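Peer 1: For the record, the sequence lines run as chains A and B. With this note's numbering applied, the first sequence corresponds to residues 1 to 430, in that order. With this note's numbering applied, the second sequence corresponds to residues 431 to 687, in that order.
Be aware that one or more of the hints could be misleading.
[To be verified] In the PhoX-like style, the derived pairs of lysine-lysine whose C-alpha atoms are separated by at most 25 Å in a straight line are: (1) K251/A x K522/B; (2) K522/B x K506/B; (3) K577/B x K339/A; (4) K466/B x K339/A; (5) K577/B x K426/A; (6) K466/B x K522/B; (7) K522/B x K339/A; (8) K515/B x K339/A.
Because the hints were derived from the structure by calculation, they are not lab data. Please read these numbers as outputs of a predicted model, since none were measured by experiment.
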Amino acid sequence: MSQATEAGPATTQPARLPPTLDTGAIGWMRKNLFSSVGNSITTILVVAFIVWILSWFVDWALLQATFQAESGKDCAKSHGACWALIGEKYRYIFFGSFPYEQHWRPLFAIITMIAMLLLSSDRRMWNWRLAIIWTVGSFITFVLMFGEIFIPVTLIFVLALIAGLAGYLIRRKVAESGERIAYVALAGLGIAYVLLRLIGVLPSVSIPVTPFSYVETGNWGGLAVTMIVATYGLAAAFPYGILLALGRRSKLPLIRGLCIGFIELIRGVPLISLLIMASVMLPLFLPAGMNFDKLLRAQVAVILFAGAYIAEIVRGGLQSLPKGQFEAADAMGLNYAQKTAFIVLPQALRVVIPPLINTFIGFFKDTSLLLIIGIFDFLSTANQALVDPVWTGYPGEVYLFAAAVYFCFCYSMSRYSKYLERELNKGTQR
Amino acid sequence: MAVRDLNGAPTVIDLDQVNKWFGQFHVLTDINLQVKQSEKIVICGPSGSGKSTLIRCINRLEEHQAGSIIVSVDGKRIELTNDVKNVEAIRKEVGMVFQSFNLFPHLTILDNLTLAPIWVKKMPKKEADDIAMSLLKRVRIPEQALKYPGQLSGGQQQRVAIARALCMRPQIMLFDEPTSALDPEMVKEVLDVMIELANEGMTMLVVTHEMGFARSVADRVIFMDRGEIVEQAPPKEFFANPRNERTRMFLSQILHH
Chain A
1 MSQATEAGPA TTQPARLPPT LDTGAIGWMR KNLFSSVGNS ITTILVVAFI VWILSWFVDW
61 ALLQATFQAE SGKDCAKSHG ACWALIGEKY RYIFFGSFPY EQHWRPLFAI ITMIAMLLLS
121 SDRRMWNWRL AIIWTVGSFI TFVLMFGEIF IPVTLIFVLA LIAGLAGYLI RRKVAESGER
181 IAYVALAGLG IAYVLLRLIG VLPSVSIPVT PFSYVETGNW GGLAVTMIVA TYGLAAAFPY
241 GILLALGRRS KLPLIRGLCI GFIELIRGVP LISLLIMASV MLPLFLPAGM NFDKLLRAQV
301 AVILFAGAYI AEIVRGGLQS LPKGQFEAAD AMGLNYAQKT AFIVLPQALR VVIPPLINTF
361 IGFFKDTSLL LIIGIFDFLS TANQALVDPV WTGYPGEVYL FAAAVYFCFC YSMSRYSKYL
421 ERELNKGTQR
Chain B
431 MAVRDLNGAP TVIDLDQVNK WFGQFHVLTD INLQVKQSEK IVICGPSGSG KSTLIRCINR
491 LEEHQAGSII VSVDGKRIEL TNDVKNVEAI RKEVGMVFQS FNLFPHLTIL DNLTLAPIWV
551 KKMPKKEADD IAMSLLKRVR IPEQALKYPG QLSGGQQQRV AIARALCMRP QIMLFDEPTS
611 ALDPEMVKEV LDVMIELANE GMTMLVVTHE MGFARSVADR VIFMDRGEIV EQAPPKEFFA
671 NPRNERTRMF LSQILHH
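With the sequences and hints as input, model every part of the structure.
Peer 2: Right, dumping it as structure tokens:
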């Protein structure tokens, strides 16, 4: 007994710690910054340079800066930044030529879209909730932006038809009889209305939602336009790109050929030329009197372009899956749709999160090319703000401001990518 | 193991003059094979002899180019053709276990087991969960149900793979070198599960080099070489008295090292 207790401490000796000089801030600096003479000199020079730049910047941006001024001339009295210009112009930069007294509308539209994106970023929302979030969010956004919207009654019934049909097909074998009847009723209602409408019994009716005055898309501008084009562009391009990627690996030669052709064609053309085609050439081919909104045409061009790029990224993810995963799914009797939805895509998309978000960030910034076809996105309203002769001569401040706003969005996406990778790999690693 | 009388049992797999090529390479040459219900067949042979390809043809992971493969499902004879309906009907009844487990890494063990019953057999989730848990108990790892495959050892993963295949309540099980990718100390736990399954009367086709398993479990041992069935016999006869020169060569190589 006594021997056992004596032997005890020897085996339960506390773990030995590394020498103190190797740990902590001093240890880290000694190891990484001052490990040799050359290293120490480099460190000192670089630090001195950073301090010099920073002090210059703080002096320009804060200490010598003019925060309030009547015009550009007042700013010239000091050598610092002319932030008064931003104070004067920020509403135009954010909202473009939207009617001035109505600026709260795009503001709330932007807030709605941000809320919608934040809610959708939560993994727990990735189910039927996503459809509700986007329906409600988009409805609020566009009512705010347009001011008045006319919803065709036919559209509502067609949606009911689609929902009923989809619900029935997906859940027919697993749902209770009550739920099944509900789907059939929904689809039946839709079919009945569409038929009556087609044979002309029912008139064409729209439900007007007109809480505000109408503002056409030509007057939209600034951050709201950038966000709408980027959000809906990428939201539509993502599923579209996935379909293209799956199509490109299809066993059916026709589908494969079409997908390859589309992807290669779109990728081989600059986005600018696609935008110009959408804005200038498309109307020439359309029958007279038929005219699509310019913003909508640009939106479609962005979706097509982003879709091709996303397709190639997703294809990379699909190819990274080991053959055994497909074989195991096949051997269990899963059909193509089930295999794709439950086995292939969840794994393939996980792998491509970093390049996917990279593309999203790229396209968020590429929306500034809309300027070419006369749509006033955030960067072009910033550009326009410089034209005012009263405030001429301070482009740096405006571009710095625009860059800061872009950075907030892009950096958020980058952080989200990190979070998502960690979140999705939770538990799957040993 | 007592010799079972399989003469009266119905034939559940019937391969007639099956041929397959990979490009110019003739992997399977005139394969004829009938498997009776509850029969356990061990297939062995040197690598590249076509033994894996043979069992992968039975659930159409590989397509044969000549001859016919007929699988009986609930007494109904279904021929493997390009008809997707037939392929799916057969896959529902034929479970498969792979050399490299092929579990789905993004799903928990439980979800790995219940995915196919829920979506292919349209089983209510509750029922599928119950069956899955009882199977996990049978392969002795119920406590791992909520973990992910990456958190399990190789032997545990292969036992999960067996349970996953059984969860579909198959009538036939195919094993494609189930122990070849395992560390030696884990081979036994997997073989034990397979022996239990054999004792319960499952029809099994096993590609393996575990000759001890073949001796104690198989009704018939098949030796394949260069795409042909060279020799087949009950294990006693097969090991004691191989007739073909190639079989003798192969056995001497794997038994005396």
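Peer 1: So, for every hint listed, does it hold in this structure?
Peer 2: Each hint, compared with the structure:
no., hint, in the structure
1, K251/A x K522/B, "holds (23 Å)"
2, K522/B x K506/B, "holds (14 Å)"
3, K577/B x K339/A, "holds (22 Å)"
4, K466/B x K339/A, "violated (32 Å)"
5, K577/B x K426/A, "holds (11 Å)"
6, K466/B x K522/B, "holds (19 Å)"
7, K522/B x K339/A, "holds (14 Å)"
8, K515/B x K339/A, "holds (16 Å)"
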